[in-house]
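S.K.: Sequence:
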Amino acid sequence: MAITASGIYAVTFEKQMIDTLGQSFEAETHKALMTTDTYTPAFDTHDFRDDVTNEVTGTGYTLGGNTVITTDITIGSPAAGQTKLDFADPSWPASTIASAMCLIHYYNVGSAATDPLSLLLDFVTAVSTTNGTLLVQIAANGAAYYDLTP
3 MAITASGIYA VTFEKQMIDT LGQSFEAETH KALMTTDTYT PAFDTHDFRD DVTNEVTGTG
63 YTLGGNTVIT TDITIGSPAA GQTKLDFADP SWPASTIASA MCLIHYYNVG SAATDPLSLL
123 LDFVTAVSTT NGTLLVQIAA NGAAYYDLTP
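Counting in our numbering, the sequence shown runs from 3 upward without gaps.
Hint data in this document are derived by calculation from the structure and do not stem from the laboratory. One should not assume that every hint holds.
Cross-link-like lysine to aspartate or glutamate pairs, in silico, EDC-like; alpha carbons within 16 angstroms at most [stated by the list, open to error]: (1) K33 with D52; (2) K33 with D49; (3) K33 with E57; (4) K33 with D91.
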């Protein structure tokens with residue numbers, strides 16, 4: 003087989019994530035919180051949960067968000083040379099929440115000052131519930147993927 007592209011070795015990439023977190027990605031406790039549109043993400047400098055402002059409030063919503071389950075890193079998905087980050091659809095049943103604009107996934111390792119941020123999913127349009135279920139559907143291709151072969 004000939005060399006056809008530059009890239010990052012996926013297994014090593016996954017191991018680096020494990021080393022950074024101290025254990026496997028799947029073994030970490032993951033959480034998802036939501037903010038209003040007044041939060042301004044700084045993707046180059048925000049690193050821990052204490053950088054996030056304007057978290058939503060309401061009945062059925064707990065500060066810090068919900069634990070997300072079925073977290074997974076899949077090498078070679080959605081396509082060769084890519085590594086997918088995925089988790090089950092988070093939901094807030096029987097909730098009354100106003101103007102949620104995004105979901106922020108983070109690793110729950112200790113406190114707001116030590117919980118590393120992972121990704122932000124922009125809802126594009128604010129969503130609200132009134133004594134209903136707010137369900138965030140994660141795309142079939144996962145919440146995010148890393149293209150390791152430019």
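S.K.: Are the hints correct? Go through all of them and say.
M.R.: Structure-based check of all given hints:
The hinted pair formed by K33 and D52 meets the criterion: a straight-line CA distance of about 14 angstroms does not exceed 16 angstroms. At roughly 15 angstroms between alpha-carbon atoms, K33 and D49 fall within 16 angstroms of each other, so this suggested pair holds. Of the supplied pair hints, the one linking K33 and E57 holds, its CA atoms being roughly 13 angstroms apart against a limit of 16 angstroms. Straight-line distance between C-alpha atoms of K33 and D91 comes to about 11 angstroms, which keeps the hinted pair within the 16 angstroms bound.
Of the numbered hints listed earlier, not one is contradicted by the structure.
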